Amino acid sequence: MSGADEEVTPARGTVFDIGYQRYDGIREGRGRGRRAIFADGVRIALGIGRGGRAKILPWAFITVLVGFGFVLALAAGSALSLLGPEAVEQLPTHADYYSMTAVIFVLFAGVVAPELLCPDRRDRVLDLYFVRPISGIDYIVARWSAFLVVALAVAWVPQLVFMIGLVMGNPEPFAYLAQQWTDLPRILVAGAALAVFITTLALMVASFTSRRAYAAVFLVGLIVISTPFTIGLAEEAEGVAGQWIAMFNLTAIPVQVNDIVFGAVSDMSAVGDANLLPVALRLGWYALWVAVPAAILLNRYRRGVS
Amino acid sequence: MSALIVAEGLRKEYGSVVALAGLDLTVSDGITGLLGENGAGKSTAIRIILGLIPPTAGAVRVLPNEAASASGVRGFLGYMPEHDCLPSQVSAVEFLTHMAQVSGLPPASARTRAADTLRHVGLFEERYRPIGGYSTGMKQRVKLAQALVHDPRLVLLDEPTAGLDPAGREEMLALVRKTHREFGISIVLSSHLMGDVERTCDRIALLRQGRLVQEGAVSEFTLETERLLVEVEEREDELAEGLRAAGLSVVPAERGGLVIEGRDGRVQDLIVQALVETGAPLRRMAPRRRALSELFAREGEQLGGDT
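Keeping their order, the protein sequence lines are chains A and B. Each residue of the first sequence is one higher than the one before, counting from 0 in numbering that gives the first Met the number 0. Each residue of the second sequence is one higher than the one before, counting from 0 in numbering that gives the first Met the number 0.
It is possible that part of the hints are untrue.
Distance windows between CB atoms, simulated [stated by the list, open to error]:
| # | chain 1 | residue 1 | chain 2 | residue 2 | range |
| --- | --- | --- | --- | --- | --- |
| 1 | A | Arg49 | B | Pro165 | 34 to 40 angstroms |
| 2 | B | Pro129 | A | Arg34 | 21 to 27 angstroms |
| 3 | B | Val16 | A | Arg49 | 36 to 42 angstroms |
| 4 | A | Ala59 | B | Thr135 | 33 to 39 angstroms |
| 5 | B | Gly255 | A | Ile25 | 55 to 61 angstroms |
Covered by chain A, per the in silico footprint, the following chain B stretches (three or more residues, Cβ under 8 angstroms) [claimed, not checked]:
| # | stretch |
| --- | --- |
| 6 | 46–59 |
| 7 | 92–100 |
| 8 | 113–123 |
| 9 | 138–151 |
Treat the hints as calculated values from the structure; they're not laboratory data. As the structure is a prediction and not an experimental result, all values here were calculated from the model. All residues carry an ideal CB built from backbone N, CA and C; glycine is no exception.
Work out the full structure: start from the sequences and follow the hints.
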């Protein structure tokens, strides 16, 4: 080292102020705002970007529902290889899945969906949304779409797992697929009917309170009380009265659509002989139970609530 | 200079309660203070200007040169509410990124702007912590940051110093001044704290009982109210008695000395005469600007007397 003999060169550099700057880039307006609220809604529904506790409930329900599909797939595969094709016919089918799990779906929506609306009301974040380019309708449609996407995934994935199990377990998978391919569109339609129903109903209830617990307890309580009550009353009553009492079983409303789509009769839709009502009437009843909550929900956010 | 807000005859009724009683207001570039007591109609006026609530009567135009549609205009507005409005579970940077996107910014720009804005308000180091763990002062800064993250042309701040200690209040007001002077963002600041408005704003709109009482530059407000401040080494009480005996209006100043109404030659002559008669040694005699708080009290008295 030559030390002091070397010429010392002063360091050269520039200090940049990288703080707040004016923005002259692209502004994408309402469309970007709607997409942001949609994406945020999906993250909230799945607990992504939140603490561990926020993930527990949604993923517990998802695990149960998807796990149910796995169990059915495994049971079908095992029965086929161990007991033969006759044994498979005794097992639940795609047509049975939603009637067996409808209550769990409604509970899932009742517990998770309010998280998309209630905290924004409780924390009074809505004012911050509505002073931006989006409207109240933009907000609620984006939140509704977000939960619908999650509900669709939760409705379809177990059925698809079940279908894969049935195909893989069959000694002639391609022949089975050629014969049963119509199950796929039926699954998509029946699953969509269930997802639209639970999303709209759960968000409508949630729009009336800033407390998620109140919304969840109300919806879950409604299901817990209405289901056995209507079933019991419908079985006691006879004729048209029994049929209509059974139609007020909230859990059975999307199951009626499921049975129409699959051309099946489940235990739930057969209560009080409700399955004997005309198809148009049963579909219209479903549409009414979607349209009225949807109208109430839109009206709650028409002007922006805070 | 074009007007940023023009409100004409704004009226808002909640049942029998009249929150705004025909407010006419024009806001131009700069920092404008909406000054008034609690219940004067400041927050209601701001919420109507932002489109959060409809007026019962009257009309308001905001940023007429920026965009044709209401949603387009809102892309250039910022709002900091008085009340709590922050989610507790998410981090400040995530919240600001989300709000920037809701304002229409693409995701990459939104992320950059969120970090830059948090640096501007002094929260850069804390940006990944959940907002629920922030102090009141930090939350106020996040509220200001979300109002600025999309680079608005006009920001409306509703009681931005509410709940802050004196040091926090000064920091917030310094941020408000910096936001306008360095970045040219126009600001409407509502407050019932006269000192905040006096130190921060260029113009003042004085509201009382839902009406505009007075409007103008801060300097105009204070110039109108000049008085004389007389400070003596001793015998202040004797001097005050002598001045009153001479027919002058005299009140003790908050920080010592006597405040005398009027400053013309006759008043000054009477003061000199009283000083000579009492033998009080003069330390200082100077024009005094009345604080806005005193003006506000007097306007209130006048309005109260009229009604």
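Evaluated hints:
no.: 1; hint: Arg49/A x Pro165/B: 34 to 40 angstroms; result: holds, 36 angstroms
no.: 2; hint: Pro129/B x Arg34/A: 21 to 27 angstroms; result: holds, 24 angstroms
no.: 3; hint: Val16/B x Arg49/A: 36 to 42 angstroms; result: holds, 40 angstroms
no.: 4; hint: Ala59/A x Thr135/B: 33 to 39 angstroms; result: holds, 36 angstroms
no.: 5; hint: Gly255/B x Ile25/A: 55 to 61 angstroms; result: holds, 59 angstroms
no.: 6; hint: 46–59; result: holds (count 4)
no.: 7; hint: 92–100; result: holds (count 4)
no.: 8; hint: 113–123; result: holds (count 4)
no.: 9; hint: 138–151; result: holds (count 4)
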